[in-house]
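**Q** Listed below are the residues making up each chain.
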Amino acid sequence: MKHWIRLNWIALTRTVSGMLRAPLSSLLNLLVIGIAAAFPLGFYLLIASAQGVIGQLPVEPQLSVYLRTSVAADEINQLKQRLATDKRLTKVQFIGKDEALKQMQASVGGGDLLAGLTDNPLPDTFILTASTDASADSLEALQKELTTSSGVEQVQLDSAWARRLQQLIVVGKALLEIVLVLLAVALVLITGNAIRLQILTRKDEIEVAKLIGATDAFIRRPFVYFAALQGVLGGLLACAIVWAARTWLNPAVEALAKSYGQQFSLALADWRVVLVTLAVTTLLCLLGASLAVGRHLRQFR
Amino acid sequence: MIQFQQVTKRYPGGFDAVKQLSFDIEDGELVFLAGHSGAGKSTLLKLIAGIERPTAGAVLVNGQNLARMRRASLPYTRRHIGLIFQDHKILYDRSVYDNVRLPLDIIGFDHREARRRVQAALDKVGLAGKEALNPVSLSGGEQQRLCIARAVVHRPSILLADEPTANLDRDYAHDILELFKSFHQVGVTLVISAHDETLMADYGRRILRLKNGQFSA
Numbered sequence: 001m002k003h004w005i006r007l008n009w010i011a012l013t014r015t016v017s018g019m020l021r022a023p024l025s026s027l028l029n030l031l032v033i034g035i036a037a038a039f040p041l042g043f044y045l046l047i048a049s050a051q052g053v054i055g056q057l058p059v060e061p062q063l064s065v066y067l068r069t070s071v072a073a074d075e076i077n078q079l080k081q082r083l084a085t086d087k088r089l090t091k092v093q094f095i096g097k098d099e100a101l102k103q104m105q106a107s108v109g110g111g112d113l114l115a116g117l118t119d120n121p122l123p124d125t126f127i128l129t130a131s132t133d134a135s136a137d138s139l140e141a142l143q144k145e146l147t148t149s150s151g152v153e154q155v156q157l158d159s160a161w162a163r164r165l166q167q168l169i170v171v172g173k174a175l176l177e178i179v180l181v182l183l184a185v186a187l188v189l190i191t192g193n194a195i196r197l198q199i200l201t202r203k204d205e206i207e208v209a210k211l212i213g214a215t216d217a218f219i220r221r222p223f224v225y226f227a228a229l230q231g232v233l234g235g236l237l238a239c240a241i242v243w244a245a246r247t248w249l250n251p252a253v254e255a256l257a258k259s260y261g262q263q264f265s266l267a268l269a270d271w272r273v274v275l276v277t278l279a280v281t282t283l284l285c286l287l288g289a290s291l292a293v294g295r296h297l298r299q300f301r
Numbered sequence: 001m002i003q004f005q006q007v008t009k010r011y012p013g014g015f016d017a018v019k020q021l022s023f024d025i026e027d028g029e030l031v032f033l034a035g036h037s038g039a040g041k042s043t044l045l046k047l048i049a050g051i052e053r054p055t056a057g058a059v060l061v062n063g064q065n066l067a068r069m070r071r072a073s074l075p076y077t078r079r080h081i082g083l084i085f086q087d088h089k090i091l092y093d094r095s096v097y098d099n100v101r102l103p104l105d106i107i108g109f110d111h112r113e114a115r116r117r118v119q120a121a122l123d124k125v126g127l128a129g130k131e132a133l134n135p136v137s138l139s140g141g142e143q144q145r146l147c148i149a150r151a152v153v154h155r156p157s158i159l160l161a162d163e164p165t166a167n168l169d170r171d172y173a174h175d176i177l178e179l180f181k182s183f184h185q186v187g188v189t190l191v192i193s194a195h196d197e198t199l200m201a202d203y204g205r206r207i208l209r210l211k212n213g214q215f216s217a
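Chains A and B are the protein sequences, given in the same order. The opening position of the first sequence corresponds to residue 1 in the UniProt record's numbering, with each subsequent residue numbered one higher. The opening position of the second sequence corresponds to residue 1 in the UniProt record's numbering, with each subsequent residue numbered one higher.
Simulated from the structure, these hints should not be mistaken for laboratory data. Glycine included, every Cβ here is placed at the ideal spot set by N, Cα and C. Treat the hints with caution; some may be incorrect.
Heads up, incomplete: computed chain B residues facing chain A, CB under 10 Å, no partners named [said to hold, decoys possible]:
#, residue
1, I51
2, T77
3, G82
4, K89
5, L91
6, Y92
7, N99
8, L102
9, P103
10, I106
11, F109
12, H111
Just chain A, with the same shape it has in the complex (with noise of 0.2 Å):
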């Protein structure tokens, strides 16, 4: 144990000391290796951020029913006791126009809102809320339907936007899904392709070792260490580039929020995030070295 824990240390050694050796080729395979990184991690950042705010909004398609403000309280309860009974809704909820300016001032805060008005602008609303399922058809049926309806302003379908932005995350998942399979693949021919050069740089050292008694292990172990150095590295390189782009990018994009009266900004790795992406690369790396170790150390007898 104590002697494979030796041959290990002399091979963690001798790799670090040969990336000190060559500094500036193996600064550029972590460039490269922390780049291809950055993308699919940036990316999935983006969007759990954005997941984030969309959310929180509702799901359920929603319609606010404005009632004309002559209209009157039989009607009202007349179209309440039809909304109650419609199957097509899974909640109907009524807000009176004292109830809507009381919430309105609540959230302006202060200040008397009907200062210079002599009369409550503000109508009666139902808030109707369809059930997931229902089509956009449906929904636009429903929508005619209750605009016809005696007492009845107008109708407004609430949620469909909603709707399309958590379409739009899916299409999104879909494309991260893609860039880490591509990412992926890079990030094992990166490897196997630094691998395969440091194979041929010491391609002498590697001839002298087996004549002279060592192991496959002795000969491969270098090369892992290797991969698995570039991986955690590349890793974290990654991670660094993904946090100075936000940094960049996060001002300008809460201002863009604000314009929209939404609080976002974006998500910064936590340690959870940081340490996935850490395993992925490295245990791609390690597995283009062992393929490109396989491939080209059968050449030495």
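Since the structure of chain A is already known, use the hints to place chain B on it.
**A** Using the frame of chain A, we list chain B on its own:
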């Protein structure tokens, strides 16, 4: 220690480098291999080291048949053998010290013991004080000594030297052979090949003469 039984090595293309060779080398013996280049000396040494596998026959080293050995066990057998190559196979991307240290790293010596042994080996071959140099700056004779230091640093029981005195002047060649003699005196089995028999005559040891892959008188 080393035993050949009807060993033939045929290279791809049908050339027999070694034909039906049988001989024994005792433990602690010093044997010279003589013959012109192309007589099969290098092939014979490679067969002992397990670098080449015999096409027919058996090569026994320490009682183990190399021809039947699993590929994975071969490295451990090679660690009992010190190899001095005709073309030196010195690594020029590292210091003299690191060149000699390579066999110890392969076996997995700890740092302090490795340092001590490298030092001792370099002292033995007369390269003390040149540890930090790059091998490029060594003379031809010094490179040969470096190669010997690397072959003996892990104290193998068998030492195989392929043309160690080629390209060296006579005095220097004698120095190298004296060095081998000192290894012989501490019980190492040595097989040394050379095409110049006059050098061997001075040492009065057994000489195996090869011609076209077979022993000649």
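**Q** All hints are to be evaluated individually against the structure, with a verdict given for each.
**A** Here is what the structure says about each hint:
no.	hint	result
1	I51	holds (7 Å)
2	T77	holds (8 Å)
3	G82	holds (8 Å)
4	K89	holds (5 Å)
5	L91	holds (6 Å)
6	Y92	holds (8 Å)
7	N99	holds (9 Å)
8	L102	holds (7 Å)
9	P103	holds (5 Å)
10	I106	holds (5 Å)
11	F109	holds (8 Å)
12	H111	holds (9 Å)
The structure shown violates none of the earlier numbered hints.
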